[in-house]
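Taken in sequence, the protein lines are chains A and B.
Residue numbering for the first sequence follows numbering that gives the first Met the number 0, beginning at 0 and increasing consecutively.
Residue numbering for the second sequence follows numbering that gives the first Met the number 0, beginning at 0 and increasing consecutively.
Think of the hints as simulated: they come from the structure by calculation, not from any bench.
Positions of the beta carbon are idealized from the N, C-alpha and C atoms, including for glycine.
Each hint should be verified, as a subset may be incorrect.
[What the hints assert, rightly or not] Across the chosen pairs, the derived CB separations fall in these ranges:
1) B:N246 - A:K184: 41 to 47 Å
2) B:K157 - A:L30: 28 to 34 Å
3) A:G42 - B:N246: 31 to 37 Å
4) A:T134 - B:L71: 52 to 58 Å
5) A:Q77 - B:V97: 30 to 36 Å
6) A:D11 - B:H179: 40 to 46 Å
7) B:H179 - A:F16: 26 to 32 Å
8) B:K157 - A:K184: 35 to 41 Å
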Amino acid sequence: MKKQPAIIKFEDINLRFKNKTIFHNFNFSILKGEKVVIFGTSGSGKSTLLNLLLGFIQPQEGKIFFNSQEITAQNIWQVRRQIAYVDQDVMMGKGEVQKIINEYFSFSANAKKRFTQIEIEKLLHDFRLDSSLLTKNIDQLSGGERQRLALVIAILLKRPVMVLDEVTSALDPISKTTVISQLLKNKQVTVLIITHDKEWQHQKTVRIFDFKEKKWTQ
Amino acid sequence: MDAIEISNTGLLFAFLLLIIPLLIDYKFKLKMTRPTLWSIGRMTIQLALVGIFLEYIFNLNSFWLNFLWLMLMVITAVFSAVNSSKIKFKVIFWPVFVAFFFPTLVILLYFNACIIQLDYLFEARYLIALGGMLLGNVLSVSIVAINSFYQEIHSQNKFFLYRLAMGSSQPEALAPFLRHSFQLALLPALAKTATIGIVSLPGMMSGQIIGGSSPTTAIRYQIAIMIAIYVCGALSVLLSLVLSNKNCFNSYGVLKENIFKKN
Chain A
0 MKKQPAIIKF EDINLRFKNK TIFHNFNFSI LKGEKVVIFG TSGSGKSTLL NLLLGFIQPQ
60 EGKIFFNSQE ITAQNIWQVR RQIAYVDQDV MMGKGEVQKI INEYFSFSAN AKKRFTQIEI
120 EKLLHDFRLD SSLLTKNIDQ LSGGERQRLA LVIAILLKRP VMVLDEVTSA LDPISKTTVI
180 SQLLKNKQVT VLIITHDKEW QHQKTVRIFD FKEKKWTQ
Chain B
0 MDAIEISNTG LLFAFLLLII PLLIDYKFKL KMTRPTLWSI GRMTIQLALV GIFLEYIFNL
60 NSFWLNFLWL MLMVITAVFS AVNSSKIKFK VIFWPVFVAF FFPTLVILLY FNACIIQLDY
120 LFEARYLIAL GGMLLGNVLS VSIVAINSFY QEIHSQNKFF LYRLAMGSSQ PEALAPFLRH
180 SFQLALLPAL AKTATIGIVS LPGMMSGQII GGSSPTTAIR YQIAIMIAIY VCGALSVLLS
240 LVLSNKNCFN SYGVLKENIF KKN
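Chain A extracted, bound-state conformation:
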């Protein structure tokens, strides 16, 4: 069987902050379409992995590959456009929700991504959000609502990879189950989830990486 190339690959990464070693000869890779859960306690540096992938920080040693291409300052802008990112306490901006969404879709990278009103309303419904929130000021949304809204935007962007940092932590149990099944639904999309939420471990379709031990457990 021909070996499938990894869509995301970390190769011999070394990273230290002051005296704390976050990564020591760290290797990690994900295949296209895989759903990967990175599990570990908070404060262990899990988010650093996503910050490296998105070019927000650079490793002291080692390489990161996206679609078999090494990530550089030149191609990072293209790489970011392939990745939908949602963060724990996402900050999307100020003002009316609809206007905020419109602004993100006005970026030249997203200008060709169209979505219909029916599509967004269905997604909002799938994520247990009322479509009336589109006309609300984003400050009126709760933390959980903002997080689910960010997930809806991420899905609307129709990017091949989703990276999600603690996106279910602020959700009630019912929303949590709904969100997890929504995110794992699409077979084409590669999903990388960082969490300490146990709910994710019960999913059969996911691979689980123990961040503390730096090894695969499922």
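Based on the hints, put chain B in the right spot on chain A.
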């Protein structure tokens, strides 16, 4: 009609007025005697020296001397701005220098050539007096803009990085921060501009009227200078922010951590 000279006795009477704040200070123990005397003293000495020097410059009215004096004004303003900014000296010195020098020079020359229509564009009286007014404003608006721009990106780093992750280009990611710094820097001055004539008579206009110009002349100058000040400030804010970008972000588009001064 020329302005009446202020005699030495007259000037002494001006200083005599200071007894009032000093008495208030003494009575209420405000601890402001030293700063008051220091500021007034410093201002007096500076102005006395500048007065002597300007007499000299105005009489000679040579291109190089006028230009050099303008440069000195720009450099003083740049140092003052860079020192009171929250960003390290070596990161923003050159961007701020260019952002102060070019808009001021271009607007001054435009003012002298097209608005007053001087024959000699480097006429000391206009170049130096108008230059001072333009620079004073450039200095205050640029500090506000630079500080707020980088501090907001720093304090709202999550929002900024989210924009990058959403696939923005660098200018797209910076857009809301740019907009807000422009507003913070320029809106207060604009609001003040809107009340001029009713709430306040600006210094230049009062000066011209005392100096013997008719109010209509003074008003025409005032209108033109207000517009020039606003435009020069806007240009300088834009250049300060755009030119300092390169030093403040890494090649991945992320704000560098080490650009801020340590307190």
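Outcome of the hint check:
1. B:N246 - A:K184: 41 to 47 Å: holds (45 Å)
2. B:K157 - A:L30: 28 to 34 Å: holds (30 Å)
3. A:G42 - B:N246: 31 to 37 Å: Because 33 Å falls inside the window, the suggested range holds.
4. A:T134 - B:L71: 52 to 58 Å: The hinted range 52 to 58 Å holds for A:T134 and B:L71, with Cβ atoms some 57 Å apart.
5. A:Q77 - B:V97: 30 to 36 Å: Because 32 Å falls inside the window, the suggested range holds.
6. A:D11 - B:H179: 40 to 46 Å: holds (42 Å)
7. B:H179 - A:F16: 26 to 32 Å: holds (31 Å)
8. B:K157 - A:K184: 35 to 41 Å: Distance hint for B:K157, A:K184 is violated at roughly 28 Å.
In summary, the one numbered hint that this structure violates is 8.
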